[in-house]
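Trainee: Protein chains in written order, with my numbering: chain A, 149 to 614; chain B, 149 to 614; chain C, 149 to 614.
Heads up, a few of these hints could be off.
Claimed, not checked - Straight-line alpha carbon distances no greater than 20 Å define the calculated EDC-like cross-link-like pairs of lysine to aspartate or glutamate that follow:
(1) K352/C with E607/C
(2) K518/A with E607/B
(3) K582/C with E606/A
(4) K517/C with E607/A
(5) K582/A with E607/B
(6) K582/A with E606/B
(7) K352/B with D213/C
(8) K246/C with E607/C
(9) K603/A with E607/C
(10) K517/B with D353/C
(11) K582/B with E607/C
(12) K603/C with E607/B
(13) K613/B with D431/C
(14) K613/A with E583/C
(15) K517/A with D213/B
(16) K603/C with E583/B
(17) K582/C with D431/C
(18) K603/A with E354/C
(19) K603/B with E606/A
(20) K613/A with D213/C
(21) K582/C with D213/A
(22) K246/B with E583/B
(23) K352/A with E583/B
If you're looking for bench data, these hints aren't it; they were derived computationally from the structure.
What follows is each chain in one-letter form.
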Amino acid sequence: MQAGFAMLCAGSIRSINIKNIMLKNLLDACGGAIGYWSLGYAFAYGSENNSFIGSSNFFLGSVKDYTSGYDLAFFFFQWAFAATAATIVAGTVAERCKMVAYFVYSFALTAFIYPIVTRAVWAPQGWLGAFRTNGPSTTWCTTSQQEMGLCISGSFANNDGFYPSRLFGPGMIDFAGSGVVHLTGGTTAIVAAVILGPRIGRFKDEHGVKLISPNNMPAHSVILQVLGTFILWFGWYGFNPGSTLIQSTASSSYVAALAAVNTTLSAASGALASFALRWALSDSGLLDVTALTNGALSGLVAITAGCAVVWPWAAVVIGMFGGFLYIGFSNLLIKLRIDDAVDAIPVHFANGIWGCISVGLFASNTLVKKAYDYPTNSYAGWFYEWSAGCNRCGNGSLLAAQLVGVIFIIGWTVCLMTPLFWTLNQFGLFRVPKEEEQVGLDISHHGGSAVQLTKPTEEALAAHKR
Amino acid sequence: MQAGFAMLCAGSIRSINIKNIMLKNLLDACGGAIGYWSLGYAFAYGSENNSFIGSSNFFLGSVKDYTSGYDLAFFFFQWAFAATAATIVAGTVAERCKMVAYFVYSFALTAFIYPIVTRAVWAPQGWLGAFRTNGPSTTWCTTSQQEMGLCISGSFANNDGFYPSRLFGPGMIDFAGSGVVHLTGGTTAIVAAVILGPRIGRFKDEHGVKLISPNNMPAHSVILQVLGTFILWFGWYGFNPGSTLIQSTASSSYVAALAAVNTTLSAASGALASFALRWALSDSGLLDVTALTNGALSGLVAITAGCAVVWPWAAVVIGMFGGFLYIGFSNLLIKLRIDDAVDAIPVHFANGIWGCISVGLFASNTLVKKAYDYPTNSYAGWFYEWSAGCNRCGNGSLLAAQLVGVIFIIGWTVCLMTPLFWTLNQFGLFRVPKEEEQVGLDISHHGGSAVQLTKPTEEALAAHKR
Amino acid sequence: MQAGFAMLCAGSIRSINIKNIMLKNLLDACGGAIGYWSLGYAFAYGSENNSFIGSSNFFLGSVKDYTSGYDLAFFFFQWAFAATAATIVAGTVAERCKMVAYFVYSFALTAFIYPIVTRAVWAPQGWLGAFRTNGPSTTWCTTSQQEMGLCISGSFANNDGFYPSRLFGPGMIDFAGSGVVHLTGGTTAIVAAVILGPRIGRFKDEHGVKLISPNNMPAHSVILQVLGTFILWFGWYGFNPGSTLIQSTASSSYVAALAAVNTTLSAASGALASFALRWALSDSGLLDVTALTNGALSGLVAITAGCAVVWPWAAVVIGMFGGFLYIGFSNLLIKLRIDDAVDAIPVHFANGIWGCISVGLFASNTLVKKAYDYPTNSYAGWFYEWSAGCNRCGNGSLLAAQLVGVIFIIGWTVCLMTPLFWTLNQFGLFRVPKEEEQVGLDISHHGGSAVQLTKPTEEALAAHKR
């Protein structure tokens, strides 16, 4: 995934800042690994019965007690998610953010802020998610959690197959992280963009006079954008179907295959919807490649929460709306004069929200049962309220849980990130000086331009011909 | 695979048309997903007992009845093939084809023309392929088809283990699609190239005077060609061994591993053969990277049909001849003044044919038995006619079935694609106007060049030094 | 992996020699496949009871006797390693090596020199490795070797679970090839670099006068370096966890997952260590992307030997030291005026040695037991000498075996490669003529520059506007 984000960012920004963004993308992966290993994983999945934060297994200290490879593979998988959440922000603040600020925020996110969100939604102790199993009585947990060794004392389902301790009954369903990963990253990006301010020359000219139409900074390379999009699309098949975690039963292979199909359909319809809308809104009939690539990513982000619990037709609807939403939110940001160098906010923030909500609308009770191991019955999206043979399915409680989840993730992230970025900014650690920004970070920080074309000298050419 | 094709195409054409080709490659993947989901998959694998076309499971409507994930995974896998068939054409018609024509042909191919071919060769109802199992009596089908739920009423094998209802006994063997995927795409490419005509300046100068030696349009980037080739080569390991579909038995793991080894050897020998021949034919001892990359792809296309049913030595032979064939066919096209911007026709059309025929020559009866679950005996290639202990193996019936398959695929595709492209051309929807072609499609359609190198201004440099 | 090396090399050298390096990288993969299939695999894994060299299964001749796919998959996997060993050298000798010399050395390496090393360390007959099982009495072998069909008559473990026939007891542990693959390739690179000499203008000016500070040839593209690093990093998850080979038992899934986690942590800490040290040593506070990418690769090479037998904390230590070592060795090479165009020697040679030695220091006896199927007890690294409850663990015998392994690999490779390169050089087959080097190999050998930017003509632009 990091490779995809790196290529996408390198393609989307100006060519004077490429080394800088590459460095940030690699540092994410490296710093994220160390930060998540040392602190983050313990906060997220420490085995204590605390629904807010864990406090054991720092530095993977429990590794010796593992009896199978599941726990280690789980750590590995979760690291990939954590690094993804961190890297989303890199693109938004590109071309003007100081390296030290990037370091600080990136460590804070992977080591603390993001783990708290994952614990709430994905850990069996979490207070918010559909995996929550702890409660007054016994040690029930789902089959896959048993295999993962994530069981703790849990609440048995009551007679009709529901878990009273889960939020509103169903708990929040975020299968592969529309909310946990993308919304957390996207919210951070929006806070950062507001505090950091736009790039010089984006909305104002050099004398500080507001421009009538904003200046589009030229994207360096469409080739890299497309390559990055394909790599990310491909990587998503690791995240979405991979979230099934253990594909041993027929049911989990069904869930994984459905996730793959839904991911594909949503990406495709998101791309087409966004591309068509951009074309329709354009005076000159522009066929915009960036609308296609970011539309595909929007569809991918939107289906991430629900990939295992909606039918293929719903995936097409979710992706299509995600594509429209991308165009709308991107234009809104320009109106608000918030400068997002790679449009990460419309993709990850707007569609992160939409992904969570869409589950509350379109989740099928049959599929929720399959994916979340409900014994007899299950909840479903609000869309199914009228459907027959579905006890409690569509009473809106799932939608309510999704909304609470969205509000929690945005609130939590804003409350912690705002003071952090504000402080950095006050101490002059957030934004590079004007001169360095205008000359480009590659020259001012990294010893020269990222691409250097050498040409043979005239003498060499002459000597070779002889 | 799309990523590989996108990079390969972007590297092989002129840099003024890159956004355009990237867009087409992404649209393929997206449009193909929607077209195949809505119509194509139903036409190809609908469960009716019709050997020509299916008519159920539109929009994956039967998804709720699936009991395991196999059917969904199968759809996902088949979509990847369909998108590949469509994208082959993109390169050939690059730099001059209108977007609307691309849309129309691409939808026609994935939603109808290609599905009919797959049904004939790969579906258990198909009239042409080695998977055909339906006939007068009972419900026999192969182990893997049982697991896939693709069984229908089928003909039992007669006493010596043969299936009378299959074409000439063996039916056509096209394990991973030399014919189904590459020949279908390659035939479409050749029809399109003939009707569309060559790029301006390729064989004639600006006044329409025939050039003595054709003008080689400069390929944009060898780096991208090589990257694309590596990605495709890697993706082929998904297609060829992946076509084993379910690797649960020792036999199918053997088949998958053999497919991987054969794929490797054929790609390598194809690359070396093509590279050496190009070098030998060149006056100046040119070491041509493109001959190496396209030679590798030729070897890959050629082995695709037989990867599971030939021994490694035969894979080397098949790849080597494929490499030679590439050079020969590429030169032939130039003689015929057919302009193929990325040499997709020699790779996919010529080697698609060769791949199908090579199975008829080199298929081993032991391996056909393993890969196609024949109970006691099996057919083999014509090469084995004289070998002992092999009942009926080499009587040429497999070769005959392969030839019928090749003729059917070419005939079917030509008959449908010719009127389609001819009509588009008559209505002026096929080729861009001369002015737009000469300025490049990136400027005329997509708002500017694909690669934009920003440089710091003199003032910014001066300010930074201070 | 080849794709990663190709991108990394293309990014790291001057843009006048890109086609050349791409060609070499592709030829490696192709030539390696043919060389390894015809001779190398037989020398490495022929089933004779000869601890130095095998002599059967040339051209995969035994393929018909295989009963499952394991042997074929094993060949496929081993080919990927062989091609990697060969390609390491390509970068070091870039920009000045003749194609014919590259051919010769590359074939010699994959067909003979490398296979002898693999037989010593990885084959059950090998005299050096921890897999050695043959000896006086019976046919014991490890579970995974039984499944691979690699068992031969072997020595039972004695009563306390040790194998007297292994070197010093434990034999050399090189799980995924720090020594076998990277040190072999790295040693070849150092021999080649010394005999070939530096590029013109690197350490001397055009009149042959020694430069005070060496001239840094400009790297073509940091984007490609980063892309290559990410692809390699990703590919490493195929090599390190993949070396578990058959993940059917809980124990092997544990080993594979641990290998993945350790690989991640070592790469991350290597990158950060190298980046930080380069920054600290620089006067101007340079944030060097290349130090980050090569540091990550150094961490990856260093953990390759021990990824399955050390705990995560040790992986962090190993990676960190690997990163420091990279910077130190890179500076040492410049002092010694040995010119390595892509710094492959510090990455693969220096960290190949460190990887082998680190196992002798940090291997945990619990993990060695798991990974190498010791029945009751096992050896461990020297670091654990004082730990309780560990019989014989830390007596230094493992470290001794590792050191013998390092010396053997370096000695064997130097002794064969030196005469080979020396002879090539004497006959003028090693280095390109001065004129060809100065004009760049792309122009002198491959028909022109690798990247060709076409621009629309003025007339075309004017015609389009009308």
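Trainee: Now look at each hint and say whether the structure bears it out.
Mentor: Evaluation of the provided hints:
no.: 1; hint: K352/C with E607/C; result: violated, 47 Å
no.: 2; hint: K518/A with E607/B; result: violated, 63 Å
no.: 3; hint: K582/C with E606/A; result: holds, 15 Å
no.: 4; hint: K517/C with E607/A; result: violated, 64 Å
no.: 5; hint: K582/A with E607/B; result: holds, 12 Å
no.: 6; hint: K582/A with E606/B; result: holds, 15 Å
no.: 7; hint: K352/B with D213/C; result: violated, 59 Å
no.: 8; hint: K246/C with E607/C; result: violated, 43 Å
no.: 9; hint: K603/A with E607/C; result: violated, 28 Å
no.: 10; hint: K517/B with D353/C; result: violated, 68 Å
no.: 11; hint: K582/B with E607/C; result: holds, 12 Å
no.: 12; hint: K603/C with E607/B; result: violated, 28 Å
no.: 13; hint: K613/B with D431/C; result: holds, 16 Å
no.: 14; hint: K613/A with E583/C; result: holds, 9 Å
no.: 15; hint: K517/A with D213/B; result: holds, 15 Å
no.: 16; hint: K603/C with E583/B; result: holds, 14 Å
no.: 17; hint: K582/C with D431/C; result: violated, 35 Å
no.: 18; hint: K603/A with E354/C; result: holds, 17 Å
no.: 19; hint: K603/B with E606/A; result: violated, 25 Å
no.: 20; hint: K613/A with D213/C; result: violated, 58 Å
no.: 21; hint: K582/C with D213/A; result: violated, 62 Å
no.: 22; hint: K246/B with E583/B; result: holds, 13 Å
no.: 23; hint: K352/A with E583/B; result: violated, 36 Å
Taken one by one, the earlier hints fail for this structure at numbers 1, 2, 4, 7, 8, 9, 10, 12, 17, 19, 20, 21 and 23, listed in ascending order.
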